[in-house]
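A.B. asks: Now for the letters of each chain:
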Amino acid sequence: MQLKPLGDRLVVKAVDKEEMTKGGIVLPDTVKEKPVEGEVVAVGTGKVLDNGQKLPMEVKVGNRVIYSKYSGTEVKFDGEDYLILSERDVLAVVEK
Amino acid sequence: MQLKPLGDRLVVKAVDKEEMTKGGIVLPDTVKEKPVEGEVVAVGTGKVLDNGQKLPMEVKVGNRVIYSKYSGTEVKFDGEDYLILSERDVLAVVEK
Amino acid sequence: MQLKPLGDRLVVKAVDKEEMTKGGIVLPDTVKEKPVEGEVVAVGTGKVLDNGQKLPMEVKVGNRVIYSKYSGTEVKFDGEDYLILSERDVLAVVEK
Amino acid sequence: MQLKPLGDRLVVKAVDKEEMTKGGIVLPDTVKEKPVEGEVVAVGTGKVLDNGQKLPMEVKVGNRVIYSKYSGTEVKFDGEDYLILSERDVLAVVEK
Amino acid sequence: MQLKPLGDRLVVKAVDKEEMTKGGIVLPDTVKEKPVEGEVVAVGTGKVLDNGQKLPMEVKVGNRVIYSKYSGTEVKFDGEDYLILSERDVLAVVEK
Amino acid sequence: MQLKPLGDRLVVKAVDKEEMTKGGIVLPDTVKEKPVEGEVVAVGTGKVLDNGQKLPMEVKVGNRVIYSKYSGTEVKFDGEDYLILSERDVLAVVEK
Amino acid sequence: MQLKPLGDRLVVKAVDKEEMTKGGIVLPDTVKEKPVEGEVVAVGTGKVLDNGQKLPMEVKVGNRVIYSKYSGTEVKFDGEDYLILSERDVLAVVEK
Chain S
1 MQLKPLGDRL VVKAVDKEEM TKGGIVLPDT VKEKPVEGEV VAVGTGKVLD NGQKLPMEVK
61 VGNRVIYSKY SGTEVKFDGE DYLILSERDV LAVVEK
Chain D
1 MQLKPLGDRL VVKAVDKEEM TKGGIVLPDT VKEKPVEGEV VAVGTGKVLD NGQKLPMEVK
61 VGNRVIYSKY SGTEVKFDGE DYLILSERDV LAVVEK
Chain W
1 MQLKPLGDRL VVKAVDKEEM TKGGIVLPDT VKEKPVEGEV VAVGTGKVLD NGQKLPMEVK
61 VGNRVIYSKY SGTEVKFDGE DYLILSERDV LAVVEK
Chain P
1 MQLKPLGDRL VVKAVDKEEM TKGGIVLPDT VKEKPVEGEV VAVGTGKVLD NGQKLPMEVK
61 VGNRVIYSKY SGTEVKFDGE DYLILSERDV LAVVEK
Chain X
1 MQLKPLGDRL VVKAVDKEEM TKGGIVLPDT VKEKPVEGEV VAVGTGKVLD NGQKLPMEVK
61 VGNRVIYSKY SGTEVKFDGE DYLILSERDV LAVVEK
Chain F
1 MQLKPLGDRL VVKAVDKEEM TKGGIVLPDT VKEKPVEGEV VAVGTGKVLD NGQKLPMEVK
61 VGNRVIYSKY SGTEVKFDGE DYLILSERDV LAVVEK
Chain A
1 MQLKPLGDRL VVKAVDKEEM TKGGIVLPDT VKEKPVEGEV VAVGTGKVLD NGQKLPMEVK
61 VGNRVIYSKY SGTEVKFDGE DYLILSERDV LAVVEK
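Residue numbers (the numbering used here), protein chains in the order written: chain S, 1 to 96; chain D, 1 to 96; chain W, 1 to 96; chain P, 1 to 96; chain X, 1 to 96; chain F, 1 to 96; chain A, 1 to 96.
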């Protein structure tokens, strides 16, 4: 991956629904945010706290993550679609 | 549970009304937020404070908790419905 | 009381108007928030400050408190109505 | 006074216009907030700063204070009308 | 002056346009805030920072100051009109 | 200059378009803020940080600066038009 | 480059679409922000944290960066179009 996200951002490759983790994620309630699943392909160096300390990313490259569909910014890079989002927009890591 | 929530988030499995704690929770006033009851099935590692200190979760796996119905994000995982929410959206723990 | 509020929250049992402290509390101006009186039945462990220090609750179980009617979340528990609110929504303690 | 305000709040008894300090306070511009004058009858223990330090109240019981008419919450207690407001809503103390 | 402003507030006596500093202050653009000129007649003890330190007022009694017309609260005291405003609403001091 | 701006504010004298730095600054997109160029004629003593430390101004008197047209407050002083704005509204210094 | 951005700002020269990194960046979803690619031509000295510490810029002159199209302010300087934006508006660096 040649995209290096800044700060506490990460680059995610969305997972096709057919490939989703056991049973996938379905949105039962339309007024709620739609969570989707993706694979982390790049992470930033972490958020800088008010005291100047750099906080390491909790999410690692290769993690499967769940995030709100409407968070982040979509980019197309080398013909592939990615999403750049902040770690605070990641709801959970799917452990295998 | 294979969902590992990030930061101060937790994963909750809503409790069916029939199974609610003695007498359950009823919303007497429709203009108020609707609190619901659920069981905590996974917790994050805790919120990071401005000084870099990680604050342990007050809520534990197995706790019965009350939270506002409109907080958090619903996910379906392995065919089950869950809610991922922040600990600050948890109103109270129901002690048994 | 089996409801254990989190953080700086407390559980209050509203006082019937007939039982109110000497002369009770009347709302003279309809455009203002309506303060009501209640008895504290449970308190959280307190708010965590930015430096990680836990601030003890100023309000104690058994206190009569005045709070804005529109703050907090109503719950019914064991057939009784309660209100869960933050200590910052408590205006004053009625000393006996 | 049996009302003990929490944090940086104070309880004020509004002063009748006829009793106002020399010439009283008149609102010349209707688009501005309306300041009114009152006497402080109770004060809280003070605001807690982010570092856990408690900041003593600048306003004392017995002070005449000027505050914005629309700030605070009105209560009736023992048949008297009071206002509970934050110290940050007090504009000035009238020195005698 | 018998008005003692709290915190980082100050009391200002507006200057009549005829008495304004050389050429006065004219508002050339109606969509901008209107700055006006006044003389400081009383100052508070200063703002308390998050670490509990009290920050002395930069503005002194007797200073000519420029401030936005729409900031602050007007009061009439002893038959005179004054404005109570925060030091952060003072744009500049006019040096003589 | 007899105007002494407070805190992190500065006083700027707008530069006529004909006198602008090589080619000047043109606004190609009307939905964007309009940046303009000016000369700094006075600076404040700097912003006070939360820890009480005073942060020196990065901008100096005599600097050519670019700032958003809609920031700050216009004043007329000694028959001249000036703009008082915060250093955070200064986008860049034009180095000669 | 004669524009010296202040604080954590940087000056970017947008890259023509024909010259974009392999396959460029395409916006697949119109409700999302449009990210664009540019080359960094100048950087500020960095953001000052609340403790007075200056945080060095993560982005360097010469970096290819991706940023949201609607962030920043456009300027024309020496006949060229540039964008001045904050480092926090930079989504990622494109590594070569």
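These aren't lab readings, by the way, just hints derived from the structure by calculation. If you're wondering where the values come from, they're calculated on a predicted model, not measured in any experiment. Among the clues, some could well be false.
[Stated by the list, open to error] List time: in silico DSS-like cross-link candidates among lysine-lysine, alpha-carbon distance up to 25 angstroms:
(1) LYS54/S - LYS96/D
(2) LYS47/S - LYS60/A
(3) LYS96/F - LYS69/A
(4) LYS69/W - LYS47/W
(5) LYS69/X - LYS13/X
(6) LYS76/P - LYS60/W
A.B. asks: Could you run down the list of hints and mark each one as holding or not?
C.D. replies: Verification of the hints:
1. LYS54/S - LYS96/D: The hint is violated at about 41 angstroms.
2. LYS47/S - LYS60/A: holds, 18 angstroms
3. LYS96/F - LYS69/A: Measuring from Cα to Cα gives roughly 29 angstroms; hence the hint is violated.
4. LYS69/W - LYS47/W: The hint holds at about 22 angstroms.
5. LYS69/X - LYS13/X: holds, 12 angstroms
6. LYS76/P - LYS60/W: At roughly 23 angstroms apart (the allowed maximum being 25 angstroms), LYS60/W and LYS76/P satisfy the hint.
Hints 1, 3, counting from the list given before, are not met by this structure.
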